[in-house]
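2 protein chains.
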Amino acid sequence: MTSEKISLKQIIDGVQPVDRSWVEKAAERTARLVMPPRALGRLHDVSERICGIQQTLIPSIHRKAFLVMAGDHGIVAEGVSAYPQEVTGEMVKTFINGGAGINILAAQVDAEVVVVDMGIKPQLDLQALNAGDRLIVRKVAGGTANFSRGPAMSEREAEAAVLTGFQIATELFEKGIQILGTGDMGIGNTTPSAAIGAVIVGSSLDEMVGRGTGVDDEGLTRKKDAIRRGIETNRPDPGNGLDVLTKVGGFEIGGIAGCILAGAFHRRPVVIDGFISTAGALLAYTLAPDVTDYLFAGHCSEEPGHRVMLNYLGLRPILDLEMRLGEGTGGALAMGIMDGAVQILKNMATFEEAGVSEKQP
Amino acid sequence: MTSEKISLKQIIDGVQPVDRSWVEKAAERTARLVMPPRALGRLHDVSERICGIQQTLIPSIHRKAFLVMAGDHGIVAEGVSAYPQEVTGEMVKTFINGGAGINILAAQVDAEVVVVDMGIKPQLDLQALNAGDRLIVRKVAGGTANFSRGPAMSEREAEAAVLTGFQIATELFEKGIQILGTGDMGIGNTTPSAAIGAVIVGSSLDEMVGRGTGVDDEGLTRKKDAIRRGIETNRPDPGNGLDVLTKVGGFEIGGIAGCILAGAFHRRPVVIDGFISTAGALLAYTLAPDVTDYLFAGHCSEEPGHRVMLNYLGLRPILDLEMRLGEGTGGALAMGIMDGAVQILKNMATFEEAGVSEKQP
Chain P
2 MTSEKISLKQ IIDGVQPVDR SWVEKAAERT ARLVMPPRAL GRLHDVSERI CGIQQTLIPS
62 IHRKAFLVMA GDHGIVAEGV SAYPQEVTGE MVKTFINGGA GINILAAQVD AEVVVVDMGI
122 KPQLDLQALN AGDRLIVRKV AGGTANFSRG PAMSEREAEA AVLTGFQIAT ELFEKGIQIL
182 GTGDMGIGNT TPSAAIGAVI VGSSLDEMVG RGTGVDDEGL TRKKDAIRRG IETNRPDPGN
242 GLDVLTKVGG FEIGGIAGCI LAGAFHRRPV VIDGFISTAG ALLAYTLAPD VTDYLFAGHC
302 SEEPGHRVML NYLGLRPILD LEMRLGEGTG GALAMGIMDG AVQILKNMAT FEEAGVSEKQ
362 P
Chain G
2 MTSEKISLKQ IIDGVQPVDR SWVEKAAERT ARLVMPPRAL GRLHDVSERI CGIQQTLIPS
62 IHRKAFLVMA GDHGIVAEGV SAYPQEVTGE MVKTFINGGA GINILAAQVD AEVVVVDMGI
122 KPQLDLQALN AGDRLIVRKV AGGTANFSRG PAMSEREAEA AVLTGFQIAT ELFEKGIQIL
182 GTGDMGIGNT TPSAAIGAVI VGSSLDEMVG RGTGVDDEGL TRKKDAIRRG IETNRPDPGN
242 GLDVLTKVGG FEIGGIAGCI LAGAFHRRPV VIDGFISTAG ALLAYTLAPD VTDYLFAGHC
302 SEEPGHRVML NYLGLRPILD LEMRLGEGTG GALAMGIMDG AVQILKNMAT FEEAGVSEKQ
362 P
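In order, the protein sequence lines correspond to chains P and G.
Just so you know, the numbering used here puts 207 at position 206 of the first sequence, and the rest follows in order with no gaps.
Just so you know, the numbering used here puts 54 at position 53 of the second sequence, and the rest follows in order with no gaps.
Accuracy of the hints is not assured; some may be wrong.
Computed list of lysine to aspartate or glutamate pairs in EDC-like fashion (alpha-carbon distance at most 20 angstroms, straight line) [as the list claims (entries may be wrong)]: (1) G/Lys347 x G/Glu25; (2) G/Lys122 x G/Glu91; (3) G/Lys360 x P/Glu303; (4) G/Lys360 x P/Glu91; (5) G/Lys26 x G/Asp294; (6) P/Lys360 x G/Glu87; (7) P/Lys140 x P/Asp111; (8) P/Lys360 x G/Glu219; (9) P/Lys122 x G/Glu359; (10) P/Lys26 x P/Asp238; (11) P/Lys360 x G/Asp218; (12) G/Lys10 x G/Asp217; (13) P/Lys140 x P/Asp126; (14) P/Lys360 x G/Glu91; (15) P/Lys10 x P/Glu156; (16) P/Lys360 x P/Glu156; (17) G/Lys176 x G/Asp111; (18) P/Lys26 x P/Asp46; (19) G/Lys360 x P/Asp218; (20) P/Lys225 x P/Glu172; (21) G/Lys140 x G/Glu87; (22) P/Lys360 x G/Glu354; (23) P/Lys10 x P/Asp238; (24) G/Lys6 x G/Glu156; (25) P/Lys225 x P/Glu208; (26) G/Lys347 x G/Asp46; (27) G/Lys360 x P/Asp217; (28) G/Lys360 x P/Glu219; (29) G/Lys176 x G/Asp134; (30) P/Lys225 x P/Asp207; (31) P/Lys26 x P/Glu303; (32) P/Lys360 x G/Asp134; (33) P/Lys347 x G/Asp111; (34) G/Lys347 x P/Asp111; (35) P/Lys140 x P/Asp217; (36) G/Lys360 x P/Glu87; (37) P/Lys140 x P/Glu172; (38) G/Lys122 x P/Glu359.
To be clear, the hints were calculated from the coordinates, so they are not data collected in a lab.
Isolated chain P (complex conformation):
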C-alpha cells in the first residue's frame, strides 16, 4: 500500500506500542558497560527506547531530517502576535536560504532541513527561490480562518493536513531517514497551540497561554480572550484531535500531528520541539495514544504551557535552556545528546572487554 492511498483509520490501526523485550535486552547491555550501574542516567533511557523502536541492539540515528511545517493563521486578526503576518513567508525564504536558527543547529547534527508550505498566505515564487528539495508546497489553503468566530478549517482540510504530514514524513523514511525532528513556522501559532493544549489537557487558559514571540500585557489579554471565544464558539471535542484541529488548530500543527503518526506507524523515533510541535503531539495522541512510545521531547520551552502539555503526554524534555524559538531548534540540539546516548550503548566497552573489576560484593 503506498502512503498516498492510506486512510487515517489505517494509520491509527497501524500504530503499535514499542516492543518492551528489546528495551529490556538493551538495558541488559547497559548493565554490562564499564561504569557504575546506569551512571549516564537519562542517556540510557534514550538509547534503550531507540533500541525498542528499531528492534535492534545496534541502533542507528545517523540519517536525520527536520520537517519545518509552515502555515498562516486567521486568528492574527485578533491582535495576538508581536510580529506581522508577512514574517511567516519571509521566514520560509530564510529557511530555504539557510540563515535561520534551525538551519544552523540542524547542520551541527548533520540533519537535513525540509520546509513544507502547509498553508501560508503568500504564493511563493518557486523559480525565483530556487528552493530545490528544500521546500515542499502542499498548501491545504492559504491560511486558516479566524477561529474566534468559527472553525479554523473544514473537517476535510483537517484530515488533509494530517495525511499530508504523514505522507511527507513517510517519503523521508522511505529515503532512509532514521530519525525525524518536527519544526514549525507560523506567525500567531502559539494561539491555536494554546487552544489545543487547553482543550485536550483540560487546563486553564492562565496555565496554557503565554506571550509567544513576545506580546505585551494587552496582547496577552487579547490572546486569552480570542482563545476563550474560540473554544466557546466551536466547542471542540477534547477526545478527538481531528475535531480539535478543525475548530481551533492550524495547518502546520495538523501536519506535525501527521509526522508524529508516521513515526509511530513506521517505527521511527520522532523528536518534537517546543510548544507548537507538542500541540501537534497532543492531536496525534488523541488519535493513537501509543505515539508517545516513539516521541522524544527535545526541550522544555519558556512558553509556560509547554511543561503542562509534556506532563500530560508523560514526556520528559531532554533539554531545558529557556528557549522559545520553535522551528525545530530544541529538537536539533537534543539530537546531539541522543547521538551520544546511542554511541554509548553501541561503542562503550563492557567490564569484561576492558578487564575492569566489578562492584565489591
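Assemble chain G onto chain P, guided by the hints.
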C-alpha cells in the same frame, strides 16, 4: 615566562575578570539575529560569554580537549567506595584504549582525550600500554594518605598538584586548544570532593555527601563519619583552597583546580563536569574568585551536593540528565550545546540580511 617557571602567586595575580564590553557587543549582535529577542535563551548567554573570554565577535571553540585527571585515595581504607581501588588504574588503561564513556562522548564533539596520572597507586607499564600522547604521567605521589587520620598530602604536594594541572593545561592551550574540559578518575574521590565542598561552601554533610558510585546505607554512614573525622582532625581553612587540598583533597582534584586556573589565566573557556571537577573549581575559586568568569558547568550531577556547589559558585549547569559518571562525560555533551550556541552567534542571518520584518511597534 614559560609555564614551568611560573609561581602560584603569579598565576593568581594573572587571573582577571572577563571584559564585559565584548559580552555587550556580542549581545548587540544577538539582538539583530532573525528571531524574537533572545529566543534561544541560555545559548545566547553561553556564546556571549565566550565572546567576552576570547575578546572577539567571531569566537571559535572548534579545537577541544579533555584532561582526565586520575588519582588514588588513602581514604578508601575507611570503606567509602563501592568499587575496589584497582579500578582507578584499570580505568586509566580503558581511557587509553578508547573504551570509556568519555572517549565515546568526546569523539562526538571531536575533542581529544588526554589522561593524566596525577597520583594513582600503580606504576603503569608505559611500553606495554603504547599510550603515546594519550597519557601523561606526572605522579605527585602514589595515592594520598587517609585524610580521616591526618592531612591527605603535604603542602608541597598540594602546590605541585595545582601547578602540574596548570602546566599541562597550558601546554594544550599553547598547542591551539580553544576549549578545555576537565574530567576525573579516582576510586573514592567523591569523599574528598564532598569534604572540600562541605568545608568551602560551609554546608552540612547531609547536604553534601552522596553515594558516589553507589555505596549502600552503611557505606554512606562510614563515608560521612570519615569526612567528619577528617575535617575535625585537620581543621582546613575554608578560605584557602591550598590548605583544603592539603588536608582533605586529592591529587587529581588539585590538578583540576590547576586546569581551571590555567583557563582563566590564558583566557580560555573551561567546561567542568560533575562533583569532582566542581570540587576542583571550589579550590580554584578560593585562590582566584574570577575563575568563574571562564567556567561553564556542563551538567548537574545526581550526586546531591553538586547543585549546592554550583549554586555557591554562581554557575548554572547546561544539562541535567541524572548523570553521575564523571570522567568529563557531562562536559563533553555540553560542548555540543556550546558549539551550537557559537554557530548561532556567528552564522545565523540578521533581520536585515534575511529581509524579514521586525516586531510590530
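Exercise for review: Please flag the earlier hints that this structure goes against, numbers listed from lowest up.
Suggested key: 7, 10, 12, 16, 20, 22, 31, 32, 35
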